[in-house]
Amino acid sequence: MNPPDANSDYRRQAPAVAERFQKLKQRPVVLEVRDLTRTFVTATGEEVVALRSLNFSTYRREFMCLIGPSGCGKSTLIRLLAGLDEPTSGQVLLDGASVQGPCAARGMVFQGYTLFPWRTVLKNVMFGLLMQGRNHDTAKSEALQWLDLVGLAKFKDAYPHQLSGGMKQRVAIARALATNPRILLMDEPFGALDAQTRAQMQEYLLQIWRNVDVTILFITHDLDEATYLADRILVLKAHPGEVQEIIEVPVPRPRSQAQFATPEFLATRRRIDELIHPPVKSTGEKLPIVRLTVVGDDVE
Amino acid sequence: MPSPRWFAIGREPPPRRRNVLALLSFLLPLLLWSAVSYVPWIWHPLMRVNDAGTVEWFKPGLLVERAVFAEENAKAVTAGGRAATGERANPVFLPPPHAVGRALWTAFTTKPVLRDELWLHQSLLLSIRTIFLGFMLSSLFGVPLGILCGAYPPVARLFEPVIDFVRYMPAPAFGALAVAVLDIYAAPKIAIIVIGTFFQQVLVIANTVRRHDPALIEAAQTLGAGPRKLLLHVIIPSCLVDLYNDQRILLGWAWTYLIVAEVVGVSTGITFFIGQQAKYRNFDNVYAAIIIIGIIGLVTDQGLAFVGRRIFPWQPRAPSRLNAFLSLLGRKGGKTA
Ligand SMILES: Nc1ncnc2c1ncn2[C@@H]1O[C@H](COP(=O)(O)OP(=O)(O)OP(=O)(O)O)[C@@H](O)[C@H]1O
Ligand SMILES: [Mg+2]
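Chains as they are written, first to last, in the working numbering: chain A, 1 to 300; chain B, 1001 to 1337.
Heads up, a few of these hints could be off.
Stated by the list, open to error - Derived Cβ-Cβ restraints for the label pairs, each shown as a range:
(1) B:Asn-1207 / A:Asn-55: 51 to 57 Å
(2) B:Asn-1019 / A:Arg-291: 51 to 57 Å
(3) B:Ala-1305 / A:Arg-253: 53 to 59 Å
(4) A:Asp-224 / B:Ser-1025: 35 to 41 Å
(5) B:Thr-1300 / A:Val-48: 29 to 35 Å
(6) B:Pro-1014 / A:Asp-224: 41 to 47 Å
(7) B:Asn-1019 / A:Gln-200: 42 to 48 Å
(8) A:Thr-293 / B:Ser-1025: 23 to 29 Å
(9) B:Val-1307 / A:Asp-148: 56 to 62 Å
(10) B:Arg-1011 / A:Asp-9: 57 to 63 Å
(11) B:Pro-1014 / A:Glu-285: 25 to 31 Å
The set of hints was computed from the structure by calculation and includes no laboratory data.
All residues carry an ideal CB built from backbone N, CA and C; glycine is no exception.
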């Protein structure tokens, strides 16, 4: 394996990767964000600009990750895209048409699973299909196919509380995909999972995405996760939330965990790190030192 | 294995200990009652006369205060007569457990004193009917209105202020009005139960529905659920368990209005029975009736809790005692079969 190359540039793409991006950008735009601004008024009457003049678009079947420091407005943005919140100004366009309010064409997977506890796994997946007016039998057979796809057909009659976190999130993904959304919005979907389950879920998600005609917008604050999953990474900056850079990930597909140590992976990761963790400027301020320990061997 | 500590905040005791505690919760009051009833030197402020001696106004079976008993005896002895004998006794309003136990049995097996009086079970059925009709009628309007108030803030703004106002008016205050409007028989009694339950019910149900998880609503919206479907397919099912438990508590509430309801117009039901028995000073019957009300309440409530666990299988709860017992029976039956 190549040693990490300090000079390797995240912008340098292998010919195959460059070609992929070229093809991707020729695809139709699925979601377009124009001049999106969201201002909150706090209880004390102050105005907080959570997002300012955001512009970007995603192409059909693209996997886009959204990363940024805590509080930069990632959740705010995804809620605007889902139609769960209204922008102060600007527009969200789906397939070229302006959208308002939530609908099944923009599916969402939340960090907190949000499965319906009173419905079995199968009925959770059937929910969206029934809401679209599908009859019970069609909905059931379609839902079963989706459960097969996420590998949970065995658990179709279980209730959500009987599943592990990873399984719940797979059900949530199946449920969101069942209605055939144009775009799947995911807000830190694996944030509550342990490292191992998380890695497994990333694997699953890539597999599912490869087989389904869906664009994914995925929020994370994990650099490895973003680099591993994304075609492009949208890096936001905080206060106010603005697009800092859109990174084209030069890591070739299909992805595998083995690529974590490749130079292009590390270069990308390093770049995001620079963007969201700018070097801390020393203020010269020192904390007052109060010794609160009685261990005197000064190993620390 | 060390046995778990008794006092750890929020920690459920192990099942065996739980059962022992539940048993003690009934046994301890019974033990106290037995002690006061059967141990002669605990309380027993009176003397029951066995042999009147030469005291003129004593009769066998008469209850007199201990001081009076001693005084009269002293008078009798100084007058050269014979002292009365007797034993320490409690007042009639505190019958011993066995008397109440017997009354529980005889209450159902003895004929009423007067010809047109009702048997205890008839009185009870009448009361249960009043409660049932009152509660159903209240729920018929109270539950839907509560759900609407909880789900749609404008509905709440329209109804809740006036309901808040009315609920502070004591239900019995409407008694005379109910009789004037609804005659003196069953209707005004049911009306009192309805008035007593309805207003609380709307507010309690509305509060429960208001506490629904907004994340579930949002999830449903992103799955294409429109506003009308949200209420039926998300809000109500997500609150169903809590609504059911609310109804259990409200039913208990309705029971407490029974006594005031039944004295409205012609006194009937268990209240009338208790009143009559108290008039005849059959306090063992009075206690029997009160205990029966308690048993009916407890059994209904536990029955509803049990049913609740069956009809809401999605609750991640430990199986109930009754459930565990039934499954044990089922397993035994399965083995022998
Ligand atoms: N309802 C609200 N009212 C007022 N301010 C809000 C509201 N929602 C979000 N904000 C503010 O908007 C900013 C962005 O919040 P948001 O939750 O979108 O951040 P985030 O990027 O998702 O953070 P995290 O990584 O911690 O999830 C924050 O400064 C937050 O205080
Ligand atoms: Mg967030």
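Hint check:
Roughly 45 Å separates the CB atoms of Asn-1207 (chain B) and Asn-55 (chain A), a value that falls outside the hinted 51 to 57 Å. Taking the beta carbon of each, Asn-1019 (chain B) and Arg-291 (chain A) are about 54 Å apart, inside 51 to 57 Å as hinted. One distance hint, 53 to 59 Å for the beta-carbon pair Ala-1305 (chain B) and Arg-253 (chain A), holds here, with the actual separation near 56 Å. In this structure the hint that Asp-224 (chain A) and Ser-1025 (chain B) lie 35 to 41 Å apart at CB is violated, the actual value being about 57 Å.
Taking 29 to 35 Å as the suggested C-beta distance range, the pair Thr-1300 (chain B) and Val-48 (chain A) does not conform, at roughly 53 Å. Between Pro-1014 (chain B) and Asp-224 (chain A) the beta carbon distance is about 45 Å. The supplied range of 41 to 47 Å therefore holds. Distance hint check: the CB atoms of Asn-1019 (chain B) and Gln-200 (chain A) are about 43 Å apart, consistent with the given range 42 to 48 Å. One distance hint, 23 to 29 Å for the beta-carbon pair Thr-293 (chain A) and Ser-1025 (chain B), is violated here, with the actual separation near 50 Å.
For the hinted restraint 56 to 62 Å between Val-1307 (chain B) and Asp-148 (chain A), the CB-CB distance of approximately 36 Å leaves it violated. Separated by about 59 Å at the C-beta atoms, Arg-1011 (chain B) and Asp-9 (chain A) satisfy the suggested range of 57 to 63 Å. Taking the beta carbon of each, Pro-1014 (chain B) and Glu-285 (chain A) are about 55 Å apart, not inside 25 to 31 Å as hinted.
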